[in-house]
Each structure stands twice: as structure tokens, then as C-alpha cells.
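As given, the protein sequences belong to chains A and B, one line each in that order. Just so we're aligned, residue 1 is where the first sequence starts under the UniProt record's numbering, counting upward by one. Just so we're aligned, residue 1 is where the second sequence starts under the UniProt record's numbering, counting upward by one.
Since the hints were made in silico from the structure, they are not lab data. Watch out, some of these pointers could steer you wrong.
Here chain B is said to cover these stretches of chain A; the calculated rule only asks that three of the stretch's residues, wherever they fall, bring their Cβ under 8 angstroms from a Cβ of chain B [to be verified]:
{"no.": "1", "region": "65 to 71"}
{"no.": "2", "region": "145 to 157"}
Here are some chain A residues pointing at chain B (derived, C-beta under 8 angstroms) [claimed, not checked]:
{"no.": "3", "residue": "56"}
{"no.": "4", "residue": "59"}
{"no.": "5", "residue": "94"}
{"no.": "6", "residue": "96"}
{"no.": "7", "residue": "108"}
If we take Cβ atoms under 7 angstroms as the criterion, some of the chain A residues that face chain B in the derived model are [unchecked claim]:
{"no.": "8", "residue": "37"}
{"no.": "9", "residue": "92"}
{"no.": "10", "residue": "93"}
{"no.": "11", "residue": "99"}
{"no.": "12", "residue": "109"}
{"no.": "13", "residue": "139"}
Source: prediction; values computed, not measured. By construction, the Cβ of each residue, glycine as well, lies at the ideal position given by its N, Cα and C atoms.
There are 2 protein chains.
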Amino acid sequence: MRTGSSRGSLRVLGIDPGLTRCGVGVVDVAPDRSAQLVHVGVVRSDADAPIEERLAVIAAGLRAVLEAHGPDVVAVERVFAQHNRQTVMGTAQASGIALLIAGERGIPAATHTPSEVKAAITGYGNADKRQVQTMVARVLRLEELPKPADAADALALALCHAWRGAPAASGRSSSPLTPAQRAWADAERLARR
Amino acid sequence: MRTGSSRGSLRVLGIDPGLTRCGVGVVDVAPDRSAQLVHVGVVRSDADAPIEERLAVIAAGLRAVLEAHGPDVVAVERVFAQHNRQTVMGTAQASGIALLIAGERGIPAATHTPSEVKAAITGYGNADKRQVQTMVARVLRLEELPKPADAADALALALCHAWRGAPAASGRSSSPLTPAQRAWADAERLARR
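Kindly produce the complete structure, drawing on both the sequences and the hints.
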């Protein structure tokens, strides 16, 4: 399964949850923060299908990515109730499926907010999508910006998780940070103010 | 698997989704609307465990009920973004798991709002929990009110689904109603105004 991963690197599967499109991105991140693209894609479900079938299609697609690439950890975008009420329930359900497929295999999962991701990638919590995508492409040495946006967001989530020192999804204390990670985390906190 | 179900009856698994407690109730409902209790219980997850493990525990518990009782259809309480923001995301994620386990096995699923359930059970969409529980116990000829409340809610959901003529979760047209069901549905609509 592991093809491009060097020893000591962390393989992260980032998932941008959604009912219609779930972005998935797998990266290997070395201790020096350099990163390598392993996989990027989108799991889709048919908007005309019943919700239970859509969720089953998404679960099967995410499991296939997990099986193919064997990540050490899964990072999922955190969904908030107050945003975009019409679609938020479907997004929350898809995020539940994303966390479930990690939990079923005993792989740790974590969630990160969009502003945490932006701050981790660009140093600025209010960065726009284009800035995030440009930085993701640069870090991963891609010739083009990753598309669609959901796939780019999933890669950004995965990088964010590796760089932030992996705060847990809930109910679990954060991993200890190195001094460099702590300095970075402090800078991010300032950037988010 | 089918033990108490008579021919022509519909076996419904009702699920009241939650991260800490998922109520589950299985009933057989005959065409004359009489109903029989098959199973009632609660699937719990440890509030101190990471979210991905909690969702895996809930999925395993719900799958066990599905395997043991082989319902024809799964009815899940519909979650709204505007209610109780602090827990709504966890509830939405659990509802996604409930719908997923149906979809994975090709069992149709449907969602019903709390007021639909109250109206179907008591004829009154603003009925309180106690009124709903009392009616559920009477219909199922139980000597005590079902406990905890999540288990009672799951039974109410299952009865509601069978009695309402099974509107689909989404993206699917309703089953045709019999004249009696239509009259009942009309009465419920009036009761909810």
C-alpha cells in the first residue's frame, strides 16, 4: 500500500465531507514539514438517490480510499450548525460517515475548522480559497491547482492536520507539540484573531 | 428471525438517533393498524471516547439490531439544524449512521419529524412526551411505559412510520395511501395546524 512514503513520515487522509461530493486527499508529510501527494479525488453520490443509498455510496467510496492508501490518521472538516442550514444536515451526516470509517478500522480521526485549515496552510485564517489552493499546489509541487475545490480542500485539511500536531476530534488530549510546532500554533492563533 | 410477525404485517425499526443514547424499537404493524412489540432497547456510546470510536460503537449496535430482527424498513427521527446547537451535530452524525446501516443492506429508510410522530401517535402535533409514551404503551399492550425516553421515542417513530403510509426520507415519492390512511393523514395535517 505505502508506495511513496519515506520512513518517519505521517500519511494523512483528509476528507472534505459532503453528500454530493466528498473531497479526499492523501499526503505523506515528513518531520521537516515537506509533503508528497499520494492521492486526490472526489467521492460522489447521486442527488436523486434516497439519502440512505447516498450515504452507503459515500461510505463505500471512502473505505476504498482507506484500503488503497492505509493512512495513519484521518482528518475531517468540522461542520458547524450555524452555517448554510439547508445543506448542513447532509454535510454533518457525511462527516459522521467519514469519522465512522476511521473508527471502524481503529484509525484515529481528528476534525479541523475551515479557519484552522486556512491559518495552517497560508498563515492567515481569513485566506480565500484561491490562496489556499495555490499554497497546496506549491507545497505538493503540483503543476496545476487541484480541482475540484472539494479535492483541494481535502488536501489542505490533510496538510493542516500534519502541520498542526494533530489535535484530536474530541475527548482526547492533543499530542505534545515540538517547540517549532508550538511557535507555529501560536502564530496561527494570532493570525486568527 | 421473524418470530411474532403475522403475514402481511410490516416490521419497522425505529431509531431515535443520538451519540450518547440511540433508542431502537422494532414493531410489527398489521394492515388493521394493530401493533406488536418485537424489540426495544438503547445503543449507548461512552461520552469520553473519541467521536470516531463512538460512531463505530453505534453502527455496530444498530447493525446487531438489524441482523437480529430483519425489519422491512428503518424509520429515523429527522434532525433540524436550528434545535439545540450544542448537540445537534452529534445527533446528525448518529442519524447519518442510522440511515447508512439501512442503505448498506438495501433496506429502505425514511425520516419523520418529532411533530409528525406526535401527531401520528396522539393525533396532536404538540403532545407532550408523557402522552406519546402512554399511547405507545397502550397500543403495544405494555404494562409499563417504555424507558428510557429514547427507547419510547424509537417505538413511537416505528409506529408513526407504519401508520403514516411511509413517506420516504428524500428523493422518492410516497407510497400510495389507502383511503383510510389518507383520511388519517388529512386528520394529522389538521391536527398540526
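Q: Against the structure, test the hints numbered earlier, and report the numbers of the ones violated in rising order.
A: As far as the earlier hints go, 1, 2, 8 and 13 are violated by this structure, in ascending order.
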